Every structure is written in C-alpha cells, then in structure tokens.
Amino acid sequence: MLDIEIDGKALQVVEGSTIIDAAHQLGTYIPHFCYHKKLSIAANCRMCLVQVEKAPKPMPACATPVTNGMKVQTHSEQAVKAQKGVMEFLLINHPLDCPICDQGGECLLQDLAVGYGASASRYQEEKRVVMNKNLGPLVATDMTRCINCTRCVRFTQEIAGLMELGQAYRGEHAEIMSFIGQTVDSELSGNIIDLCPVGALTSKPFRFSARTWELARRKSVSPHDGLGSPLIVQTKHDKVMRVLPLENEEINECWLSDKDRFSYEALNSPERLTRPMLKHGGQWIEVEWQQALDYVAHAFKDIAKNHGAAALGALLSPHATLEELHLGQKLMRGLGSGNVDFRLRQSDFSQDGQGTPWLGMKIAEIGSLDRVLVVGSFLRKDHPLIAQRLRQAVKRGAQVSLVHSADDDQLLKAHAKAIVLPSQLPQLLAQVVKCAAELKGVSVDAAITALAVSEKAKAIAESLLSGTRAAIFLGNFAQQHEQAATLQALAQLLAKITGANFGFLGEAANSVGGYVANALPGADGLNAGQMLAEPRHGYLILNAEVELDSARPLQALAALKQAATVVLLSPFKLPGALDYADVLLPVSPFSETSGSFINTEGRVQSFNAVVRPLGETRPAWKVLRVLGNLLNLPGFDQDSSEQVRAEVLGAATPTPEFVTDRLANPLSDVANNVANNVAIKLDAGPNGLERVADVAIYSADVLVRRAPSLQKTRDAASPAARMNAVTLQQCGVSAGQELRVRQGEGQAQLFAVLDAGLPDGAVRIAAAHPKVAGLAAMHGAITVEAL
Amino acid sequence: MAEIQNYTLNFGPQHPAAHGVLRLVLELDGEMVVRADPHIGLLHRATEKLAEQKTWLQSVPYLDRLDYTSMLINEHPYVMAIERLLGIEVPLRAQYIRVLFDEITRIHNHLLSIGTQALDVGAMTMVLYTFREREDIVDMMEATTGARMHGAYYRPGGVYRDLPGQMPRYEVNKFKNAKTVKALNEARSGSLLDFIEDFSNRFPGYCDDYETLLTDNRIWKQRLVDIGIVSKERALQRGFTGPMLRGSGVEWDLRKKQPYEVYDRLDFDIPVGVNGDCYDRYLVRMEEMRQANRIIKQCVAWLRDNPGPVIVDNHKVAPPSREKMKGNMEELIHHFKLFTEGIHVPSGEVYAGIEHAKGEFGVYLISDGANKPYRMKLRSAAFTHLSAMDEMSKGHMIADAVTIIGTMDIVFGDVDR
Amino acid sequence: MLSDDAFKKIDREIAKYPADQKQSAVMAALAIAQDENGYLAQETIAAVADYLGMAPMAAFEVASFYNMYDLAPLGRYKLTVCTNLPCALSGGVDAAEYLKQKLGIAFNETTPDGLFTLKQGECLGACGDAPVLLMNNKRMCSFMTTEAIDQLLTELRADLRGQAT
Amino acid sequence: MGALTAFFKSLFLKELFQGLAVTGRHLFVRKITVQFPEEKTPQSNRFRGLHALRRYPNGEERCIACKLCEAVCPAMAITIESAEREDATRRTTRYDIDLIKCIYCGFCEEACPVDAIVMTRIFEYHGEKPGDLYYTKQMLLAVGDKNEVQIAKDRAQDAPYR
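Chains as they are written, first to last, in the working numbering: chain A, 1 to 787; chain B, 1 to 417; chain C, 1 to 165; chain D, 1 to 162.
This is chain A alone, in the form it adopts within the complex (with noise of 0.2 Å):
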C-alpha cells in the first residue's frame, strides 16, 4: 500500500494505482476526457492535471503512476491553470456547433469547458475542418467535433476486437477514421456512441430527434440475448427515443451490444398491431378486445370439445416474458393440454425433463476463466457482450479454444480451433473427451475409447487439463443441433474428467426463465418439434415468428395452415401470420409491460414498462390472465406482473436475484458411461452436402428484424450459401453465381459466396430469415445446384 494525499486528504492506494485511481477512491473529481475506466491509459488530452508536490510541472493525474507519500493538488493554481490551458486548446478548433450538436446538453466537452474553462475566447484565427466519414448505418460522424481523445479507437482495438478506427495523419491533421472507405461493423459498435465524449460519433437513427433533458430515463431489460443487459430506456411523450446501457459490472459492465442499442426502433415500427383482428371471410377485420377473446375462447373450447384438447398447441417465445410464459403453459394445462413450448428452434428433445440448461457459473466469472471451450457457437454474433469477456480474458492469458462448423473470425486469439461438419462435432468432441480421459488416467466407453484422434481434438484437451479454472460452454448451434443430446453428454463428460464447470449459452433472454416458468411439454404433451410434425387443430403463438423461428419453417407452415385456428399474440402484424392466423391479439412488446427475464447465469431481472401501451395494445399477461378467466379455468385472477411472478418464484420479498438453486444443467449425474444415459452416435452423418445454418444477429427474434437502421448493418446482409473452394468446385459452381439450394421439400434461390472458414462439404446458409423459409431444416443434407 502506498501513501498519498490528495488536496490535503490522506489515503492509502494499492500498488500501481494512479493519480486517478486514488482521487476517485476519494471521490475527487478530476476532469478528463481520454481517460476511460475500462480502456487502456492514451493521457492524450491532458484535462486531468494535477499539480504534484516536487514535480516541476503538472502531471496528467490517469498516467502518473502514485508513489509513496505523494501529495497532489487539484485544485491548486497550477493545476488550474493547465486545466484553464488544456481547454482552450481544444476548444480552438471545435466548431460552433451545440445548437445543432445532438451531444449538446450531454457534453462533456460542454461541462467541463463551463466548469474548468475560462468563460471567454481569445482565439481569433481559422479553425480547422475535418471531412466526416461514413462509418455505417449506426453511427453518425461530425468529425470537426472531435478532440482526437482516441476512446473509440482503443475500444475498437481492446473491447470490440478489430481496430477498425485508427488516428491517421499526425499533427493538426490528425483525424480520427476508419480504414479509408470502411464502415464500422462491430456487433458493439453503439459504443463509441456513449464513449465519445463530444458529438464527433453520435447515433444515427437517434439523430436530431431528441435533447437529453426532455427525455425521461427509465430501466428496463433487453429482451435479446441470453445475457439480459439492463438497459436505460429513454422516452419522450410515451414513444421510445433511444437505448443506453445501464452499467451493471456483473452483467455487462458499462457496455451493450447493437441488437440490445438500436432494436428499439423496431417499437415505433409501422409495422405495430394496435388493435385486435379477426378473419372473417378471409378479410381482416378490427375489433374489440371483448369479441376477439370470446372468439378465441369460443373456439378453443370447441376445438376441445371436439378434438380432445390435445388438439390444441402453445408455442411460445423464449423472448416473452417468465409472467407471459406461466400463463401461457397455465392456460394450456387448464384447457388439458400439456402440448408448451418455447423452444422453437431445438431439434433434440431428448433431455427433456432432465434439468434446466444455464450458463453453471456467475457471467462475471468468466472474466477470470483460463482455460475455456466454445462448442457450436457463432459466439461473437450470438453473445457479443459474452464474447467480449472471453476476449478480455485471453489478453490477461486465458486459453479458449473452438469447437465448431464455420470458423468465423471470433476477434479472440483462439488456443485451438476445430472446425468440422455439423455431423462430425459429436465425434470430434468424443476425441477430445478420450484424449483427456487419458491424460487424466480415466476410462471411458468403449466407443470413445475407439475414435482416432486428431492433433487439434489433443491440443484443446491439453489446453483444458492445464489450467485451473476451466469452462465448457456450449453455443446455439450446439443446442439446435440435431444431436444436441450427444453434444451436451459428451461436453459434460469432458467437464467431469477436466474439473471444468459446464453451462450453456443461453440462446435467448428467457431461455432460462421458460424452464422455471414450466413452459415446456408434460410426460403427456408435445414438444415444439411434435407441435408441428403432428398439425394441431388450435395453436395458440406469442410472440413467435413460427415460420422463422422454428428450427424445421416449412413444416411449421403447413400445420399452421392447416390448424382451424391459430391465436396471434404479438405487438406486430407478422406479414407470415396474415396468412395463417385467424386472430390477432396485439399485445405489449417489452417496452410496454412489466415483467422478468431469467437470464443465462439464472438472474432475476424484472422490470416496468417505461411507456404506455401504444394503441389499443395489452401486456401479453393480461391477456392471457382475461382468455383464462373466459375459459373459466381457475387460478386466473391475479391483479398485477408481480403477482404472477411471485406464483412462479415465491412470494418471498425481495424477489430472490438468483434462481440458481433451481437450475441444474441436464445430466448432472453424467457417469462413466455415457453410452447409458444417451446413445451417441458418432457415425459421420449424411455423405454429400450439409447446411449450417447461423441465425443472423439481426434475424434472431421478431423485434430486430423491424429494426430498420440494424436492417441497414452488414451483418443483416441477407442470406448466401456460403461455401468453401473445396465445396464450391466439388458443386461446380463459383463465387457469385446464383444457385438453386434444395432441402427436403423446399428449396430456395441464393447466391454463392466463398467462405474459407467453412469445413469441406458444409453449406453455410443463414436461418431465420424470409429468403431461406423454404428450406425444410436448419440442418441436414442439402443440394446445390447452378441456375
């Protein structure tokens, strides 16, 4: 511990702290503006000087270094003399924009200059103008604002992964831009937008909307990605303006990825159901909320009295809500059906009822893993915030390895990378687990014990077995994968030998939370894939884009148009559901609602609406909370979100944060013997061409793909069949051409794209998204063919 005294205070400081540190363990504000907690030290733009005793000239308090019995000044005449100095400087050149700056009012620049400042200028010359550059749909550019702090360099480079900004030229030239011409594509590029402590990086689809004092400030929960980042929501006359993250050190620090930033844009869409609808005569028709659910009552209860109500089939959305996903199963059981769920895009149920799969640790444990593997995730574009600590913990030497079906640039320096067919991941996993089996001295089955292995499958072992605190995570490719079973025994048996703690990616904001809320099929019900092989006469869909969100879309389709009656709950006039539905029943998107996400580390997250409903719209609880009182079904009367939720959690106050103790990743008791409790199939899978399918960042639920300006992003590019040159020639096709992609009964018209990062004989080919709905399955053998 070192001694230091700042403005006369005394304290102590840990070793390498600096000036800063210390002042902000004090609670002295210094001023700064390069300086950022969670990036590395520039000392660029030298608001934070301090005066120190015995230095001869004042010091930048972020890149001074404390040592014992130092005493610093902040306020002293020298300290504010620099500070006065430093502000005049970089206000020579800044242009007289405020009034027309959206950064104007939440400038740092601004605050600073009016505390630190002097209160005129003497600068009388030229200032100088800086071109602005095209940095893509998101973010806009004023690049004569710019103080040249370099925050939204280094966080591309040390946060997002790609230094995709840089400071060119030098001087009074020096300006901040992207390599010349690129735009910035990162999956967290929002956040130079909040790093940006002057207007230079402002937010496109926000621009010139708002001023920050006529919004108000509530916090919600993305409804996104299992990592359930709290958001602050900020709102003008009852319309959504924007997305900030809320810092939250344990969830996502003080960053948010794009999906969770700018998905917002989606709530205003014109796209917005704002009053109930029958067909009738094949014509839509506005109603009333009373005759649409007297409608909806009158004909599940036929449907049960006629079909049995096994003919009746919920499918919900994992991003619903834990109230909305309760009443959902509740009403369902109440009419007598056991036929719920919520996973959509699952092809293997066969754990069902084994356990809820979670993340196994603290996300905030993630950061000091050293030795992690990945299997079967898209992981940066899947859970960009999660990858985002993987990165930081390899910089600080932990070792992640991959183990997957396309080998996308993950930005993370990966220990070992495995890149094999969808049909060949059991198999490549088995040989990592045989391989460890053997370092570890443990045996193992036979059929494991027979595989060959290979030098990456021993590599990735090795790097597991020689660290002490090990994961094992398994991405949404591994849980939709066909064999997701196998996978999961497979990669929990790795974790059993490695002493590595084992989780799941969560792959959407409740995933976890339809698991506790028992959204999911009894020992007598359907699964989401039976729902749909075996057509229902009644399906009740919230939330859902069935025909993009199911792992198997032209199945869905067809037992959606045959059902008698399909009952849409859903803030949107879903373009598929015109067609196949017979009532629409707008309900609250989760801006609208109150509410809780589970999310993949098993946090309780609720939350209130920050604006009204829009319209004649109803949070999605209360409308089921009424259809059951219609049906007469019992145990329908709750008053409020809260209500609900405590039936699911307890009534205990406070909300139990965690939920953990009643999650428990399926398996547990995974032995020895794999081969008991899951029949593995390591044979390879079909010979001849098998797609991987990747659902896009910006396709993954219904409310992103409304989202305009994240429609304009190149990662909403749409869909190609990727392949790699083996394939490509193999098919007898080349890069560009348009091809007519065949699956099961569908087919689809795409263009070819080479993909070197793709396993021979694998089709990459996007999920999720209307060009590709109709392929029969998000996996599986595929043909190609030139048009």
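If you are wondering where the hints come from, they were derived from the structure by calculation, not from laboratory data.
The structure displayed is predicted, hence computed values, not measured ones.
Ideal Cβ placement from N, Cα and C applies to all residues, glycine included.
It cannot be assumed that every hint is accurate.
Derived DEER-like restraints, expressed as beta-carbon distance ranges [to be verified]:
(1) D/155 x B/216: 50 to 56 Å
(2) B/374 x A/237: 24 to 30 Å
(3) C/159 x A/170: 52 to 58 Å
(4) D/155 x A/237: 53 to 59 Å
(5) D/150 x A/237: 45 to 51 Å
As a list, the in silico PhoX-like pairs of lysine-lysine whose alpha-carbon atoms are at most 25 Å apart [claimed, not checked]:
(6) B/326 x D/153
(7) B/182 x D/137
(8) B/182 x A/84
(9) A/38 x A/54
Partner residues are not named here, just some residues of chain D that face chain A (Cβ under 7 Å, in silico) [what the hints assert, rightly or not]:
(10) 66
(11) 67
(12) 71
(13) 83
For this one, chain A is given, so just place chains B, C and D on it according to the hints.
Relative to chain A, chains B, C and D alone:
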C-alpha cells in the same frame, strides 16, 4: 323578544374595493365591525413550489407576478439572494439601474395605492391623475425591459441590458397634428435617462396637485384621520414594515438601516408618521414618492456620467453578448449551458430583504448546489399587514374597512403568492 | 501487389523482432513496399498489414503519420523542404517559396511533366545546415540557398537527360 | 391666530376650492387621450408581443431545432419536435407556442442562437376559443414573414445592447 344576532357580511372577493381577490367576512353589529376575517388563497399559484422545479433564471419572471403593481422591485431580492450565494460583485452601473427602477417602481406602486384608495373612499379624480403619471412610468419600463408590466429585467449578476439610448415617439396622425406631436415628443427626443429626468422634474408638481386634492380635503381627512390606528408597539409586534410601520412613527427603513446596492451613496430621507392612523400612512406615502424622486434624480445623474457594463462578465453566471456568443466557442458553450441547464449555485442558505414599496420583501433561498433552488420562501409585507385586518378594523364602521384595506396597500399576488 | 522479393525483404525485417511481435516491422515493411511501388496505395498498406497480422488501420496510422511515406503517386523527384522552426528562421520558408515559384507548383503538387513533387517536411535533424531539403527520402541537401536550389534542379534535369540517352 | 385662520379656511371651503381649481385647470390642459385603435401610444423596439419565426433573406427558415427556447421557457409553452431534413440539416418538424401558457418573458428570444424566434411589437391578436391561441410553426413563420422589415429594424436598433 327576538334574539339580536350580529350580521355577517361577505365582502369580496368580487368587491372592487377588495384589491383583487380578498374575501373578507365581516361580522357586523349594526354598521360596526365586530370581527373581520380575511380569507386568502384565491390567487395562490404556488410560486415557491414552482421555483423548485425551475432553474434559477426561470423563476425571475414569476417574481414579477407576485406584487403585480410593483413589478421590477420584486425581482430584486431574488437576484440579490442568488448573488449572495454565488458571492459575486455586481457592476456598479447595474446597481444604480436597479435602484433607479426600484424607486420608479415605488412611485408606480404608491400612485396606484393612493389613487385607488382615494377612489375607494369616493374621490374619483385622483385615480385619473395618478394613472396619467403611471403611464409615463410604464413607458419607461417598456423602453427598458420590453414589457409594460412584467419586465423580467433583473438578472443574477446585474440587469439584462443597458438603458436604451432613445425613447419611442408619437407619430402624426389624423387626431394629432405635427405641432401636438412635437410637443408630446419633447420629453422623448433624447434617451431614456432624459425622459426619466424630465419626469422627475415634473413629478414634484404632480405631487403638489395630489396634495392639493387630498391632504387638506375635509372628506379625505374625515375618512382617514383616526382610522385604523396602530400604535408603535403594536406595529412592531405585528411585524409591520414599510409605510405601515413608519406611519406608526417607527423610523425603520432597510435602505437606511441595512443599506443594499448603492443606497448608502444616495441622499434621501425617511418620513415617519405620528399617530399611526390611515392619514399618517397616506402622508408617509406621499413623502416617500417625493423622496423616491430625489433618488431617481441622483441615479440619473450618476448613470449619465458612468457608462459601463450592466452585468457581470463572468459567463458562468451571466450569458455573453449575442455577438460574442455567435462567434466564439467558449461563449457559445456557456450560452448553451446557461439557457438549458442554468447556473449551479453553491449550496447554502441566504436571506435577502429589500425595502419594497409595501414594506420588507424578502427571499429566503436554500441551495443544494443544483441548478434549481432546493427551497424558496418569500416574505411579503402585504401578508403580514393583512393579518392585522381584524385588529385594525374592529370597532370601526363598515365603510372604514374599505379605507383600512386601502391603507394596507395589499395586492393579492403578493399575499397569496 | 508486392513481389516475392519484397516479401523476402520484409521477412528479413520481421526476423529482427520476437516471433509474436511481427508488427514491430511495420515501418520497415512499409518502406520496402514504397520502394517497390513508388508510393503506398491503400491495397499495399492492407497487404503489408495482413502480412504482419495487424489491422489495416494500424498500418495506415503509421503510413499516414510519417511524411516520408507517400500515400499518392509522386513525380520522379520528391523534394521535401523542412519548414520547422529552426529552418524557417534560417530561410527554410524562403527556400520553399523559391521552389514553388521556380517549379510553378504548391506543396503536395507535382509538376505537369511529372518530374518534381514538392513536400513540406518536418525536422530532418540538421538544423545547423538550414535550410535543408531531402530528395526522394534518401539524399540530404544542405544550405539550400536559391543558387544551390537552381544548381540542384539543373543537376537533376541533366541527370534525367543522361539517363534517357 | 392659527385656529382663526383654520376656522375661516374651513368655513369658506378653501381646500375644496383649491382642489376644484386643480381639476378646473385640467380642463384647459392638452389632452393625453389616445384614440385607440386608430392611434397608438409610442411603442418601444424592445416590446415583447406576439412571437414570430424568422427566415434568412434567401427564404430559408432560421430555426435549427436546437431547443434552447423550449428548454429555457419557464412556462413550458413551446413544443418542438425535430428531425433530420433531406438535406441532412437539423430542422423542426413541429414548433408550437401555446400563447395561453406563454408569460412573455422573452427568454426564448434571448436563448435563440440564430435569432429565429423573436417577439414582435404585435399585441392586438385574439382568439375566440383557446385553440386559436395555439400558434403552430406555419402561423409563426407567417407572422415573421409579414413583419420581417419591422422585426429586423428593431433587432438592429437594439443590437448594441444585447
């Protein structure tokens, strides 16, 4: 025998002599007032509470609307309190301008007070004369602030802008020929200061006229003398201030006793009454107008000779000039922040009281360092004076109640706030 | 983009640094690339960056920072005149003005015949010899009075004619 | 002696006649009456009357939707909505002033960095129902267009003081 009951009369709130919206419940024994019960609150606008929601600057125009018969002087203690919290020195010229307009406002107030009191007791003409002079005064205010009543002119750190170099003039029209217009414009040919000086030269003559009409008038005296007597002790006990206190013979005037701004540099006298009745208070008010006129003359003379800034040049407090704001970065930023976030006033509490036309008007401010007051409390003289209504009117005739309301010089914007 | 020869040279530079710090060779690699192509095109910078395993932007930062790297095609002779303070005080600015007038071009321009490009330079570390001028990043010319400049230009033109014949 | 004088003064109604003399004198003094509305009293160039939105001489509206006026308005009488116009400039899509809320303090004009919102000399406007006094952007621009000459003259005259 029939039981004789006191007669209860509801006086106001629509009564023209109720000075706005006073609802006075009078209990009468015949024509004699047994009890007077003033009901207030009909003009309550929660100014104090509103101030907690507004930036320091934004409350200035609301202060105008308290005592809406003496507008600019209301702003004075508010900006003074802020200045004391900020610890800033206001330019001397701004202090003179404020004193000048305080005194102009004082005349403005007393003209209304005396004019309407005369009207209340039956002298119709007085109000026509006093309003004629008030017209000149509101012209001065319009020329300076842009508004004939609610100026919003005083600012923390000074006043908004300097006195204008010219006065608006009459134009020839079908009712007034060139000669008439020329005569009318004579006083308006120069600057505002010329106009004020001309007025201050004319004003003592007007005062003489008023005195001719009222001071010795037997009806006036019959209605005022020995009405509403308040003894020295009672006046002090009841917390009277201003002419109400001085009318009772207490020589107390904040301008002398706790000089603020430049009053210690000015030469003027404090008139006091002897009997503490309505008539004495009338005389005190008359003399105060003459003394105010004296102060005005001194201020005009000083202001002529001493041009200079009228607001502090520290842009952390006061906005920069428009020209600089449009051309310089620092100034633009400060302008932007001043008009959006406003100034941050160091935490602390302060009371600033001034000698208002009606008595001591004070603003008590608590700041927690934010851009809005944590709490604002207004001390208005009229409220205190009105509370003595029962005591003063007890035993008098019902007609005297009107005189007493008039002598209190209450305005409901001020009482109810 | 770059010849194998150039990559070989770059490899030699890389070898001077630890294996995991290939990007330390960026300045040398860019110089090699510029020597080969005459200037650093965007694609060249991207290729060098790719070869060194660094972000193209990071290489561009280096290429744009130092004014001996040229980001656009140049004339045959690049004349860089130092205009930093010591030179400026000793006639550096005058020398630059003279060159401008003599060649009929401004800074960062090339003569129509494609012979000369004039650049404003940073300190060349020879303030005592001011005014100084650097020719094609390699040849240092000291004490560049108007006569010396005339002489240099004549010499260069003659040199060119000599090469042509 | 004093008492005697006072008695006679009182007896002959001296003070009443003196008062009547003052009144009588005013019969012959020049009238100060102004025949409104044909004739108006002189009006200051600083007068704070009806609001107007101004344009630049080339017809472009001055307002850039910085919202300083909206922020400083103590009565919250101004409502602005802004958006990016096709030419990428910041513009208002809505600029309303509720004249019933307005307290005519003039802060909006003081705050405006581009002299767009101004308070004119106009005071004789009325509405027959509350909605009539809700001025929209078009109405305010129309006021500005109609009175631009006077507005510009008044601003120019007062420029040295602001």
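Handout entry: Hint check, residue 66 of chain D versus chain A [nearest Cβ-Cβ separation less than 7 Å]
Key = 3 Å, holds
Problem - Given hint residue 153 of chain D paired with residue 326 of chain B - CA-CA distance at most 25 Å - result: At roughly 19 Å apart (the allowed maximum being 25 Å), residue 153 of chain D and residue 326 of chain B satisfy the hint.
Handout entry: Proposed proximity, residue 84 of chain A with residue 182 of chain B (alpha carbon, max 25 Å)
Key = 57 Å, violated
Handout entry: Hint consistency between residue 182 of chain B and residue 137 of chain D [alpha-carbon to alpha-carbon, up to 25 Å]
Key = 41 Å, violated
Handout entry: Beta-carbon spacing of residue 150 of chain D to residue 237 of chain A - inside the hinted bounds 45 to 51 Å or not
Key = For residue 237 of chain A against residue 150 of chain D, whose Cβ atoms are near 36 Å apart, the range 45 to 51 Å is violated.
Exercise for the section: Double-check residue 67 of chain D for me: the hint is only fine if its C-beta lies closer than 7 Å to a C-beta in chain A. Expected result: Residue 67 of chain D check passes; min Cβ-Cβ to chain A is 5 Å, inside 7 Å.
Handout entry: Consistency of beta-carbon spacing, residue 170 of chain A to residue 159 of chain C, with hint 52 to 58 Å
Key = Violated, at about 33 Å.
Handout entry: Assessment of proposed distance window 53 to 59 Å (beta carbons of residue 155 of chain D, residue 237 of chain A)
Key = 33 Å, violated
Problem - Distance restraint between residue 38 of chain A and residue 54 of chain A, which requires alpha-carbon spacing of 25 Å or less - result: 30 Å, violated
Practice task
Go through the hint on residue 71 of chain D and say holds or violated, using the shortest Cβ distance to chain A against 7 Å.
Solution key: 6 Å, holds
Practice task
Confirm or reject the claim that residue 374 of chain B and residue 237 of chain A have a C-beta distance inside 24 to 30 Å.
Solution key: 29 Å Cβ-Cβ, so the 24 to 30 Å window holds.
Practice task
Closer than 7 Å between Cβ atoms is the bar; does residue 83 of chain D clear it against chain A? Give me holds or violated.
Solution key: 6 Å, holds
The earlier numbered hints that this structure contradicts are 3, 4, 5, 7, 8, 9.
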